[in-house]
Every structure is written in C-alpha cells, then in structure tokens.
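Participant: Sequential numbering from 1 applies to the sequence shown in UniProt numbering.
Worth flagging that the hints you see were computed from the coordinates, not collected in a lab. Computed from a predicted model, the values in this text were never measured in an experiment. Note that CB positions come from ideal geometry on N, CA and C, so glycine has one too. Among these hints, one or two may not hold up.
Under the rule of at most 20 angstroms between Cα atoms (straight-line distance), these lysine-lysine pairs were calculated in the PhoX-like manner [what the hints assert, rightly or not]:
| id | residue 1 | residue 2 |
| --- | --- | --- |
| 1 | Lys198 | Lys180 |
| 2 | Lys170 | Lys180 |
| 3 | Lys189 | Lys213 |
| 4 | Lys229 | Lys154 |
| 5 | Lys201 | Lys232 |
| 6 | Lys279 | Lys170 |
| 7 | Lys229 | Lys286 |
| 8 | Lys309 | Lys191 |
| 9 | Lys213 | Lys198 |
| 10 | Lys320 | Lys198 |
| 11 | Lys213 | Lys309 |
| 12 | Lys170 | Lys320 |
| 13 | Lys133 | Lys143 |
| 14 | Lys143 | Lys172 |
| 15 | Lys180 | Lys213 |
| 16 | Lys191 | Lys213 |
| 17 | Lys60 | Lys70 |
| 18 | Lys189 | Lys309 |
| 19 | Lys198 | Lys70 |
| 20 | Lys229 | Lys191 |
| 21 | Lys201 | Lys286 |
| 22 | Lys222 | Lys189 |
| 23 | Lys191 | Lys170 |
| 24 | Lys198 | Lys170 |
| 25 | Lys279 | Lys222 |
| 26 | Lys222 | Lys286 |
| 27 | Lys222 | Lys191 |
| 28 | Lys279 | Lys232 |
If you anchor each label on the Cβ, the simulated ranges turn out as follows [said to hold, decoys possible]:
| id | residue 1 | residue 2 | range |
| --- | --- | --- | --- |
| 29 | Leu51 | Lys29 | 30 to 36 angstroms |
| 30 | Val298 | Pro252 | 18 to 24 angstroms |
| 31 | Gln224 | Leu160 | 29 to 35 angstroms |
| 32 | Ala141 | Asn106 | 44 to 50 angstroms |
| 33 | Ala285 | Leu160 | 32 to 38 angstroms |
| 34 | Asn183 | Asp283 | 53 to 59 angstroms |
| 35 | Asp147 | Ser179 | 26 to 32 angstroms |
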Amino acid sequence: MLISSFSNCSFIVSILILLFTSSCVTKKKYDDLNSQLLQVNTDAANTKRSLKLAQTQQAKLEEELSELTKANHKLISDSTSTGLALRKTKRLQTDLTNTYDNLLKNHEKLMSNSATESSRLSSDLTRRESELKALDENLKASKLQIDKLSVDLKSREERLNELERVLAEKDKAVDALRSKVSNALLGFKDKDLTVNVKNGKVYVSLAEQLLFKSGSTKVDPKGQEALQKLAKALQGQSDVNVLVEGHTDDVPVTKITGIQDNWDLSVLRATEITRILTKAGLDAAKVTPSGRGQTAPVETGRTAEARQKNRRTEIILTPKLDELFQILETN
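All chains, full assembly: derive it from the sequences and hints.
Facilitator: This is the structure we're talking about:
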C-alpha cells in the first residue's frame, strides 16, 4: 500500500512537469493541478509518517517476534523437562501402585491372623493386669513396712543417741574416778601401785610387797595406809561398786598354817583387804572380795620377776550402769 502511494505521487508530478514544459494550460486547470499537487504533497507527507510509523511497528514486531522465538525455544525446553518429569512421575506412580498392592496383601494377611493375635494380646493383657495388681499390693505392703521401719529407725536413733550420752557420761565419770584415785595415791611408788582404765573400769593394782609379807594374809602398815586413802577417796561414790581380786603366782603354798593352796591364799588376802576398806568407811554391800589364785597372770613366764608381778591385788572400781542397762533393755 505504501509503495502504491509513492507511485501515484510520482506519476502526478511527472504529468505536471510534462504539462508545464510542453504547452501552456488554462488557469483553472493549473489551479486544479496545483491543488492536486498540494494534495499529493500532503499525501506524501502522510505517507512518510505512515512509513516511519510502519517501520517503528515493524521493528517492534521483529523484537516481539524475537521474544516469542525465545519463549518458544524455552517452551520446547520446558516441554522436554516436563516430559522427563512426566515419565519419572509415571515410574513413581507404578512404584506406589506396587507398594499399595503389597500393603494390601499384608493387610489381608494381618487381618486373617488378627483373631488369633487379638486373643493372645487379650490373654497377655489380662495376665499383665493381674501382675500389676499383685505388684501394687506388694508396693503398698512394702510402703507400710518401710513406714514401720522408719518409725523403728527413728526410735533406735533416739535410743542410740541416749546410749551415746550415757556412755559419754560414764566415760567422763570413769576418768574423773581414775583422776581422784590417782591423786589420792600419789605418794606410792609406781612399781608398788598403778591406776589404769580398762573396759570402762578403773583398775587399782597393788603389788604384794606393798600389802603382804610372803605367804601372809595380814596387810602391812604401808599397805593399810594406801587402802585407807583409797577408801577415803571412794567415800561418797555411791554409784561405784568395788571388786577386790586376790592373785598369786604359780608356786604352790607350803608350810603355812590354815592355808591349803593359792586359791585359799588369794581369797583370804582379798577378804582382809575388804575388811580394811569397809572399816575405813566403804559400804560393805558395795565391796566384794574374790580370789583368782594363779589363774589370771599378767606375765606368763616363770622367772622371779614375772612371778613377782603376778603376786598382786587388784581393786576394780565399776560405776553403776543401771541407766545404760535400762536403755539396752528397751532395744
């Protein structure tokens, strides 16, 4: 269409030129031709604008064509990817179908065994409920027993604390008694007289040479002095029992009037010492004489030195333990 407009315009221009060059024309015809020329120029300008617009539209269309071509290529590529995804999806669908079929078969198999399994599970449940009930009963019984043991333990702890208190007081009393006796007998030689604590008791050990002549049952004046000081120290100790033990060596007694053997000698000496202590002020009900003879030696040898150590009198001072025994009896 644009090419046709340009051809018409050129044709008219050519005619006008020919007319002007070939011959003279009338004014009216000239005006018509001039008017046509103006119209042709106007049409030519419009045609140029249309041509420019058409060229612009053509460039735009070419650009759109390029974009559409790219989009087409992308669609072709996406179509390929979509085809691959579709085939993969179909494979997954096939796998899922197979899995479903297997699950269906397993379900049918489980359903066929469900009755037997349900019966077994029901039996197990009943058994476990019975066991749980028994365990619960045992737990309650154990809790009662634990509560009882807890009460007993608390009671025992209280008695133990009380026992420890009494023992501590006893030990304190024994130490005080030992100190009092030791202070009362400070003037005597260590080899003649010793004061020790053993098994919660105070042992006053007096050697034979301090108390008696060999084979005699009469206490020498030095020995009487020691016994009187001991009695004075023990006066007022109403909670202390006194045991007097006579000990001899293993040499048999011979040619001593009225004494048959070492048993007899040890008893007579213990009795004599008991008399002196009670005459000096001790309560006779709290003093007990005892003869051990040669049965409890402090030295097992048969040397003169060992036998001299074995010939002794031990005065054993024992604090009363009534409160301690009362606590022990409650256990």
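Participant: Starting from the hint list further up, note which numbers the structure goes against and sort them upward.
Facilitator: 4, 6, 9, 14, 15, 19, 23, 26, 31, 34, 35
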